[in-house]
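Visitor: Spelled out, the chains give:
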Amino acid sequence: MIPHNLVYYRPSSLEEAVAAYREADEAGLDTFYYGGGTEILTFARRGNLKPGAVIDIKHIPECMALREEGGRCLFGAGLPLNAVIEGGSFPLLSRAAVIVDHTVRNRLSLGGNIAGRLPYRETVLPFLLADAEARLVGPDGERGVPLREVFDRRLKLESGELLISLSVPRAITETPWFYRRRVRKTRLDYPVLTACFVKVEGQIRAATTAAFGFPVWSPRFDDVLNDGAIPVSERPARAIDAAGLRIADNARASAAYRRALLESAIGEALDALL
Amino acid sequence: MPDVSGSEYRYLGRSIPRKDGPDKVSGKLRYADDVHPPGCLHAALLTSPHAHAKILSIDGTAAGAAPGVRAVVTGQDFPILLGLYLGDTPPLARGKVRHFGEPVAAVIADTPYQARAALDLVRVEYEQLPVVHSPREALASDAPIIHEAMASYVHIPPIHPEPESNVANRTRIRKGDVDAALAEADVVVSLDFDFPPGDHVAMEPRAAIAEIRADGTVVIRSSTQAPFVVRALMSTFFGIPIGKIVIEGPPIGGGFGGKAGIQLEGLAYLLSRSVGGRPVRLVNSREDDLVASPGHIGLQATVKLGATRDGKLVAADLLYLFDSGGYADYAVNMSRAGAIAAPGPYNVPNIRTDSLCVYTNHPFATAYRGFGHEVFYPVERAMDELAAELGMDPVVLRARNAIRPGDLSPTQSVMDPNTGDLARCLERAAEMIGWEDGSRIDLGGGRVRARGISAFWKAPAMPTNTDAGVVLTFNEDGSANLSSGIIEIGQGTYTGVAQIVAERFGMSPDMVHVSPEIQTHRAPHDWATAASRSLFMVGRAALAAADDAIDQIKRTASAPLRCSVEELAVADGRVYVRDDPDHGLALRDVVLGYVYPDGNAIGGQVIGRGNYIARGLTDIDAYTGEGHPALEWTIGAQAVEVEVDLRDGSYEVLKAVCAMDVGEVINPALARAQVVGGMAMSLGFSTTEGYVFDRRGRVENAVLRDFKIPRYGEHPVYDVDFVRTPQGDGPYGARGLGEQGVLGIPGAFANAVSRAIGRPVNRLPITPERIWSTLHEDTEGGEP
Amino acid sequence: MITYREYVALSLHINGEDRRVVVRPADTLLHVLRDGLGLTGTKVGCENGDCGACTVLVDGQPVKSCMVLAVEMEGSEITTIEGLHDTAIQRAFIQENGFQCGYCTSGFIVNAYALLKAHPNPDSDTIRTWLEGNLCRCTGYEGIERAVKAV
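Chains as they are written, first to last, in the working numbering: chain U, 1335 to 1608; chain E, 9 to 792; chain W, 213 to 363.
Think of the hints as simulated: they come from the structure by calculation, not from any bench.
The beta-carbon is built from N, C-alpha and C at its ideal position, and this holds for glycine as well.
Among the hints, a few may not be true.
With the Cβ distance kept under 7 Å, some of the chain W side facing chain U (calculated, not the full set) [to be verified]: (1) V234; (2) P237; (3) N260; (4) V283; (5) E344.
Use the sequences and the hints to build the structure in full.
Guide: Rendered as structure tokens:
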């Protein structure tokens, strides 16, 4: 039960979506692009968010695309996670998208997970590793940018901008990968640690979330993993130190435990991929 | 579960399907909040963001002017204290708040969303006070006093509050000479224990809908386990004549003790009163249900056990500090029930127990399935440490000390011949779990499998005059309507009691109808659907009602059948001459009076009346605990198998088993379901549950997303077996079993984990991180 | 583009029937089912997507009705527990004691019904994947597991 009423827009094109945003924004409403709604509605119920308007993007064809074109795999931001998983064209993404439960995944959207407020954003990890391009639309029109340029802990969008889709080169989806997700106890929970690894042209790339409190891809981290001068057994600890970030420490897990789990996950990944 | 083979019974001991099945699988059963009276208003609660704070001011003016709002009320509007045993609880906080989530104001509006939206407009100014984080802290000499006015609180005589302190009740058990026995013991172990308060998480949040009729009758539809307790307390606290209070008790969506006592009903009544008696619906959000309403009690304990070299327990010195939270509610009786049951089903000649119910600034506690069960986990863990010290198998140690008929209970009452067979239960539990001496298997790669065992017992904790009643009326087709005061809370008692009546009548349970709802002005009086006493007591009342009805049937039939009452029997829907079964009448021709062919009628309708009242129970002595408070003890043993990864502490519970002496089993499938359900709950608070508090006593996981209860797929393989030492005074020899599945699991599980990792784990819940940090205590500077 | 403000006279297709109901755009499907349409078989457990007691089918797929807006449901086929009649999974829940208090049962049955349509003979992992989003506090899941495997 959402205490405060809102205005609901259902555009059928990107232009309509941008127009809706402009209209609601000019009316002074706190306005959100709305995919599955799972995060917005639960936040709104508890008063952590008071959306004045939501713009449902599920009827915009570009946001619901799931296809291969020009050697790239493309994923619409409005796709529910189950569609991403069952699409199956990017195995690491299909694995990383297994979050929450099956029923919620019928609604929770890819864009919602990446652009929402919850800090974990687990499905962004495979894209960070795979040279993804983000398609955005806003008041100034459409643009395509490398994901890493607009993602730092969270997606950095301009006001009124919408994530339409993400695409990755087909070749990277076929590279060897490794995935670890650790929880406090119950598997249906926010992660204590999620780590994704791929091996591209002989080099290991790693991205983590929850360990440092937000999604992290760090070249310094990757450099240590690939540094032949460092004994393999020392690389996990050295890589974590190289990231230069504080490990999260809260009720879900202490920093010491998280660090132990992260070292162990990196060790397993090196075993699997080296 | 197979039915009893070769049984002398036709309907008992058989797993007949539940009567409420068709309505429950089709969504047609109506719970409390599924029916709203016309014109019903909706309430929402504003709760405290602080654990302990003075309320400097509350301003509801803006909220009162919001659309659809009919009233805004605060604690100042209700200068009254409520309580179950001890009147310490304002309906809405007044002057100060004593726990995170305590309701401080309520808004009543035309719609639920208007009420909720207006909460944002209520302005409350607080001044934070020092927070009491645990019972041990609460007992420190300089601890803040949480209830300054305790001396003025009304309470029932068996409760012993200690004003100017945070002790709401103290129960003492003094049996033998503990100091002398410990001094002479060959081996003594002493350990400290800790587990946090938590919540029942019944799937249905608490709901109460109250209205006041024009003649002053107060009608409350409530998700309650205890409609008669609610009625009596409402009368006491609000001065309403008890006959002018009607509690409607629909089936409830899980209770587990959390809907016993009085919950939202008192506040719902006050809210209705503040809008001129219009119906007001007060339904907890899940978050309010977690922390505004009471939950599962926490505990800190110190357990000292002494034994001879050959493993005979000589003394138990027990200190239990129950974490009652901000209010006393049922906690003052849970600490007492725990004291009566500690140290468990063992013959211990010398026992000294101090069981304190201690106020803290945690969300407060109420009854929880197993009522006082918390005492067993520390003792059962200590038993394993003792076994290790003695070099003795834990199963053997427990069996050697099993309590037997003729032994003295902790309250020094003599155990009667109905006493269950603990040794046999231990033997069965050990067989089912695959126990072997030193039951720890190294699987390689850091993985270890281990098993743990535990014993338990429980008696109903209830007033000495606890009663039950049953009325049987009859229909034109000869079928019966059974009316009692118990609530269907998922346990299936309606089906079990129907089986008991069916057995007595020799007719199908389908011919015994049980209404899914009760109303207190129509149903026979009943204490509460709690304490695992429904089947026992209502079963006894049902037998009495059946016998009464059968007598009446025979009396009426004896005239047209021209025989004496003694010559008649009732079975298969007929009353007939025992020695000439063809000579008889269909019940349908008798139960509403017999009509002769010429139209003359005799006998009138049959109304079977049966009652039961607990026999021979006493309170316990305030200084020694001597007395006879236990109607019957259900005894058993449980075992758990875990597989632990020593590298990171992750683990799986593979198997959990229970062997319990329940006497006769009325419905094996339902009995097993109760036991398994209890074990599952207990695994929940052993593995993941419990509130997480921040440094200011606020609950960090007060939302179901973060308060983790077991999910599908995490469940182990369960195995349950029943030992059958008959309960002489139980209905057909049966005794209670609804809660007992909870009791031994924390001990058995913690013992299995401790054995797996080779170190004691004496705090719950046992998360992977707790195991990991226990393993790293020496090297990495202690537990976080 | 469709825009809804204040109140909406909404058409929904539920259990094979066309229903008209006035809603706020902010109303969840759960709220509208229970309070607008009298379909109280769908239960309120947490309104936060955590318990699954409010699970219904939208175009055959299980969805937590507390986590969707009613206005999103235009043009979809909604099935609630009231739309299932004497199905195999309902019979199995009775036979195998897949419930006690019954409060989570509607959500479990609706979800399991969709599971068995999608996977007539699901393995244990598939059952877990589908059902772990529904909480039951009474049964320890034993009877539920038996019921799903019995169909």
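Visitor: Taking the hints in turn, state whether each one holds.
Guide: Comparing the hints with the structure gives:
1. V234: Since chain U brings no Cβ nearer than about 13 Å to V234(W), farther than 7 Å, the hint is violated.
2. P237: 4 Å, holds
3. N260: 5 Å, holds
4. V283: 5 Å, holds
5. E344: With Cβ-Cβ at 6 Å, under 7 Å, it holds.
When held up to the earlier numbered hints, the structure conflicts with hint 1 and nothing else.
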